[in-house]
Every structure is written in C-alpha cells, then in structure tokens.
Amino acid sequence: MFRASVIGMIAVLWAAGASADVAPGDIVWGEYGSIEQPLTDTPGDPEEGRAVMATNALGNCVACHSVEAMEDVPFHGTIAPELQGAGDRWTEAELRGIVVDAKQLFPDSFMPGMYKVGPFIRPGVEFTGNAPDAPEDIQPILTAQQVEDVVAYLVTLKE
Amino acid sequence: MKPYRSLGAATTVAAVAAMTLAAVTASADPVMDDELVINEELELMTDTPAPEHLGGVLGETIYSGWRFRDTETRAMQKDDFDNPMFLFVDAGLAAWDTPEGAANQSCADCHNSIEDSMKGVRAAMPRVNADGELWSLENYVNDCRETRMEAEPWGWNSQEMKNMTAAIGLQSRGMPVEVQIDGEAAPFWEKGKEMYYTRFGQLEMSCANCHEDNFGNYIRSDHLSQGQVNGFPLYRLKDQGAVSMHQRFVGCVRDTRGETFAPGSQEFRELELYVASRGMGLPVETPAVRH
Chain A
623 MFRASVIGMI AVLWAAGASA DVAPGDIVWG EYGSIEQPLT DTPGDPEEGR
673 AVMATNALGN CVACHSVEAM EDVPFHGTIA PELQGAGDRW TEAELRGIVV
723 DAKQLFPDSF MPGMYKVGPF IRPGVEFTGN APDAPEDIQP ILTAQQVEDV
773 VAYLVTLKE
Chain B
418 MKPYRSLGAA TTVAAVAAMT LAAVTASADP VMDDELVINE ELELMTDTPA
468 PEHLGGVLGE TIYSGWRFRD TETRAMQKDD FDNPMFLFVD AGLAAWDTPE
518 GAANQSCADC HNSIEDSMKG VRAAMPRVNA DGELWSLENY VNDCRETRME
568 AEPWGWNSQE MKNMTAAIGL QSRGMPVEVQ IDGEAAPFWE KGKEMYYTRF
618 GQLEMSCANC HEDNFGNYIR SDHLSQGQVN GFPLYRLKDQ GAVSMHQRFV
668 GCVRDTRGET FAPGSQEFRE LELYVASRGM GLPVETPAVR H
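Line order of the protein sequences matches chains A and B. Quick note on the working numbering: the first sequence kicks off at 623 and runs consecutively. Quick note on the working numbering: the second sequence kicks off at 418 and runs consecutively.
Hints should not be assumed to be uniformly reliable.
List of simulated lysine-lysine pairs, DSSO-like, C-alpha gap at most 27 Å [as the list claims (entries may be wrong)]:
(1) Lys608/B x Lys725/A
(2) Lys725/A x Lys780/A
(3) Lys495/B x Lys725/A
Some but not every residue of chain A turned toward chain B, in silico, with C-beta under 7 Å [as the list claims (entries may be wrong)]:
(4) Trp651
(5) Phe697
(6) Thr700
(7) Pro734
(8) Phe742
(9) Lys780
Source of the hints: derived by calculation from the structure; they are not laboratory data. Yeah, the Cβ is synthetic: ideal placement off N, Cα and C, and Gly gets one too.
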C-alpha cells in the first residue's frame, strides 16, 4: 500500500515534470541570502511572473509593494519598498533569495517566504485556520516555476 | 544586518537605508478631520495619549479604529438609527428581561436595570475572577446562565451572546478602557504580550507587524489600524453582521496561514487583555461599525 502510493507520487511528479525542481529544503544559499542556481530547468517567463505578482491567490506581491510598471493593477500596498528599480538594485540571485525567503537577508523582514515550508509557529493549511495532518500538507506559497517567473519579471524592473 | 556586498554597494546600501527608513516612518495616517459625535450629543474621543506601559511603540497617541475607516462607515456609527448593531442591542435588552432555564430567572431578576448594574463592566474586561481565572465578558454571561439561571450556555460567537455583550457593552459607552494589568492580572498580561509579538503561521506575521509597525499603511486596499478593540462587539460590513473580538482574532491568525486558537480559549483571553491594555484611555465605543 505504502509502496504503491510512493510509486504513484513519483509518477505524478514525473508527469508534471517537477522532478528537476529544487525542493525548499535542498536550496543552496549564498552567504548573504542569495540563490545562484535556478529552482527549475525551465527559464522564468516574465509575463507569467507579472501575473503571479498581481494575483491574490498566488504571489499577491502588490498587497504590500507598489510597482510603477504595474499601474494597471489596482490598489498597491504601502507596506514594503517600491519594486521599480529592483532589477538595478539586486542581482538575479539576490532577487531569487528574497522571493524564496527574504528573512535570509533581512532577519526582521515582514515579507513571507514564498518558497518555504518551515519551520513555522502554528502553521495552518492555506487559509483554513486548521493545523496540517501531515508535514507535507504545508506547501510553498509559490511553485518553483512561479518563483523563477517572478524573478524573471523583477530583473526587468529598471529605474 | 549583513546586506553589504561588493556589487553595487552604494545602491544596496541605499536600498537598505530606504527599507529601514520605511520601517521607521510607517507612522499613523488616521483621518484627522472628523469627530465621532453620536446622536449629535455624545462625543467620543477617538485619540488619546498612549498608555505608559507601551513605552512609545505606538508613538505618543493611540487612535480608535474608527479613524482608519472610510467616510460612509464612520457616518454609520454617528447615529444609533444608522448603526445596524442596534437591532442586536435591542434583542439583547429584550433577553435581559426574559426568564430562562430551570430556575426561571432573567438577568434583571438579579441585576435589575442594565443601565445601572452593567455600567463600566465592559471597560474593565477581561478581568480576573474570584477563582483567579482570567474571564472575558462572555464567561461572566455564561456563568450566570449556568449557575443562576440553570440554562444552557451560549456559544461564544452565537448571535444571542453578541446581542447580550453588545447590550451590556453599550452601558459603558464613553467610559475609558481601564483594564487591570498588574497584580493577579500580570501573568496573563505577559502571556498576551508575548503572543502579540509572536510571528504565527506560514506567513510568519505577528499582530505587531501590521498593527504596530504598519498602522496607517495599506495592505492592498485595507487601511491598517492600530487594532484597538474598544468597539467590540461591532458591526462588520464585510461580514454583514455582528462580530466578536475573538472572532476577529481567529480571522487574523487564519490570514497568517496559521492554525488559529479557539474563540474563548485561554490564549485569546490573554491576548484580549493585552490588546485591551494597548487601548487604555480610549472610550468604549461598543457597538462600533467597521468594514
């Protein structure tokens, strides 16, 4: 039974082409919170990344950040730094690190880790308010590919 | 902090400086050109000097959540006929006089007039009871129901409970929040304070991240307040109904992608005490209107 489910899971991962993704626990961090190696083999798509940033149920980056180049998206937040110019201020590896888990660079940052599965204090399953039944019930907010897409868009944000 | 790196050191430093500056200057941006006068006669102060125990973390002034809501929402609270909570207050007042339970007793049978007996009660809640437990208003209501009326307790977030806590809370409207935080209340207060600064859930957010560091700022279109609780239970337009304080606590923890605590839990009563203490000096606004 157990073996069958593991094989089934591997088959699903294979079919989704996700087997090459770097898992949150396998990320190699640079000294200052950067990640040199892309999380997937597929290069990021900046247009997809822009959509992830604007979508509530995905990155919802505009909840806290304003982005000059995304003025078509209503109600940008005022919590966090303006992202215009992020592509000048940070390298791709630094941007990847900040998106994955900004606290590696800024320990007190308000920003949630977008590709992080713990450790957390009282994590719940998405927005249910309920505790997970198993650790794998806590999934990263974004997929590895969505992180790469967002990074691909961020590097285009020049002053 | 260790953000320095050879590459573009100047711009990196500038960016870090900007972030630090943003954190420091994320100051209050409440509405400054409106006053809360109810029924054209009862003036409720919506700002007051911050209590000393805060040590300046909210600056010199604390603000009611009313000052962070839009014009229409603020107007609804200015007239009890426009305030939808008064339907529930009326239901609570009717329940006050209604005998219930095996003992066939009403609240009024022991407490007489709600206007006299309940005046000031809400302003001092939650407080430590005779047995040394920290109780919220809901605990006291249910204790009466069970021991004196021999009736079934109400659910913490039931409509009946909100009706009653709104009716009781109204009797303190205008009185300054003044909860005990020292003596026997101190251990509960300390735990509530620790909870306030704990970063819960997958989003790793504490109460303080939004309501201390960022009040006045916006998350999307949501104008962050100081998270003051002097108006509960209140009418929340988003929910189109009465909302209890612990109900809102549940919503906030859930929104951190966290496992919530139960309404009425020990943890939420301790948090209630600490959050109430951050609003000491603000008048009770129960029943308020928010969105």
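Legend entry - Hints breached by this structure: Hints 3, 4 and 9 not satisfied by this model.
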